[in-house]
Amino acid sequence: MPAKTAVKPVRIVMAKVGLDGHDRGVKVVARALRDAGYEVIYTGLRQTPEMVVDTAVQEDAQVIGLSIHSGAHMTLFPAVVQELKRRKATDIVVFGGGIIPDDDIAALKKQGVAELFTPGSPLQDIVAWLRKRFPEGAR
Amino acid sequence: MKVRARDPQEAWQEEFDSGPKREDGIETSTISGIPIQPLYTAADLPQRDEEMPGRYPYTRGIHPSGYRGRLWTMRQFSGFATAEETNKRYKYLLANGQTGISVAFDMPTLMGQDSDAPTSRGEIGHCGVAIDSLADMETLFEGIPLGEITTSMTINSPAAILLCMYMAVAEEQGVPFSKIGGTLQNDILKEFIAQKEFIFPPHPSMRLVVDSIEYCAQEVPRWNTISISGYHIREAGSTAAQELAFTLADGMAYVDACVERGMRIDDFASRLSFFFDAHIDFFEEIAKFRAARRIWARWMRERYGAQDERSWKLRFHAQTAGVSLTAQQPELNIARTAIEALAAVLGGTQSLHTNAMDEVLALPTDRAARIALRTQQLLAYETGVANTIDPLGGSYFVEALTDEIERQAEDYFRRIEQLGGVIPAIEAGFFQKEIADSAFRYQQELEDKRRLIVGVNEFTVDEEEPIEILRIDPRLESEQVARVRSVRSKRDQARCSNALSRLRKAAAGKDNLMPYILEAVRAYATEGEIMNTLIDVFGTYTERAVI
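If you read the sequences in order, they're chains A and B. Under this note's numbering, the first sequence has 1373 at position 119, and the numbering climbs by one with no breaks. Under this note's numbering, the second sequence has 1764 at position 538, and the numbering climbs by one with no breaks.
Partial list, derived from the structure: chain B residues whose beta carbon lies under 8 Å from chain A:
1. E1349
2. H1352
3. Q1421
4. A1462
5. L1587
6. A1588
7. Q1669
8. V1682
9. I1773
Now the in silico label distances, taken between C-beta atoms and shown as ranges:
10. B:R1487 - A:M1305: 35 to 45 Å
11. B:E1397 - A:D1379: 46 to 56 Å
12. A:A1361 - B:E1705: 16 to 26 Å
13. B:G1251 - A:D1379: 16 to 26 Å
14. B:P1402 - A:K1339: 54 to 64 Å
15. B:R1641 - A:M1305: 33 to 43 Å
16. B:E1236 - A:P1263: 53 to 63 Å
17. B:E1608 - A:A1361: 38 to 48 Å
Derived from the structure by calculation, the hints contain no laboratory data. On a predicted model such as this, the values are computed, not experimentally measured, just so you know. Even for Gly, the Cβ is constructed at its ideal location relative to N, Cα and C.
Using the sequences and the hints given, assemble the complete structure.
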């Protein structure tokens, strides 16, 4: 990366997939990431995997953050990863949050979800994880 | 030097000021941020006439006999997987001493779509039971006599359809509509405000609510047609005062809508019921419940001119705070739930759901569900708390806090009125922003350790012991899809299409839609088909997402 170029902020699409409307978590995380200097685009509720990937590609995002509280994470999170593959956009990193049991976390990571944060995760942990993942901002 | 007799409060103040203070940086305000004094005295007691239970303004309870007359109803919210599985759980809970049923529906049912809709994939039976048509409802209540129990149904946008399904099952059991009792959540305003399970735009949504209130006032008189809910507002992150204010404001909006329809207030007001969160800040919650009754009684009598005493009485269901449960060291949730349940009881709740310790991870197992129910039985029969009515009435602290929460709620009523009422305030994103701000403030306090959650940001353990959780069999999804398709193929197609086209016509006009929906339900039209018929006429709503 040329030294004189300013660091481009990482752009993150935050999305609620699935049918539930519990948006407390996603909104708190979105606000915290924005305060930490990330560019955050919040899609709103009831996004299909196709809609989420569309937004991420159009917005030239580096990261997709998914939130769900309905229990459909095992269907919908991998569907987002699959859709990224189909669109040849696998450079976009996917992380997720919600009520997700430990066994499911392991399974989702195997299927290409980079990280999962469960209830009680400090916001600082999410920010720290992103900083580690993108130490030099967006490439 | 002569010793002068000192005012005892001044003396205490001096000793307090010079005494030791904890310096752990932990907030001493309530969880909602209300500043709290270290001591309350008679000087903090409001000047007012003696309040009595069973008498206006009902601060101390709506019944003169309190729990001496009748304990609260222990009503555990449950539902998962298929109607058949859930039916077994209901029979298990009833056999264990539960006194009412409370149905949790899965997300597709809550969102008015059938199990074979593409967006139902992965959602079927996960956070409640899947109900697609009358056939599923028949299975859900198989062997449960609807004339002898009461049932609460947590559903909103499609509420009228699910109520009609219940009525149709009663009809098949030979129980007249006048004999069935229960509660329909049917509170669409808080969906726009907090839980976001809306489908139609606000105005047609309100029409459906008023239709069901109007219809039930005549035909199903023992039914609580709406449960005006603060629970979801609180769980979405509001403060106690916001929960109270937004919920009561919603209640008044429903009253306004019914009055506008031409109904007499005393014909429907006594069937309005409320649903609040019982959160972890013990005294604040008790004060909230007490303030709720006083405010509602005053508004109903003074502003709306209700004459019947029953119209003044705010009856409520409470549920312990799901959001206070932790995935870390989940057994601690039993203690949290017990304390929250105690607050609800001391606040005079009419019915109560206690959360299971594993609900933060998944739907409760049988064992966890039983412990949750036993917690209520323990409160009712071991602790003695039910023996005295409003035992905290007269407490300097609780009375002062009750007044403070009432004052904060009244401030909000003024702001909502300035915005033009509840629906314009929803459209302006007012409630959503207020709630998001409170949620963010609280999260910041946790991050800074100005508030502690045991096991989460303090007193953590490195290795969590795994606990058993309830898993939904993935085969269930395809089975439910097959079931709804089989219902569609076996029914009298002509009768079903006729019912739906009559419903469409009625929706475009002004008739009360309940009889049309009931007819479609009887003809085994599916929930999704009925909703889509209404969507054709009403359209759908998308909210402007704000963070």
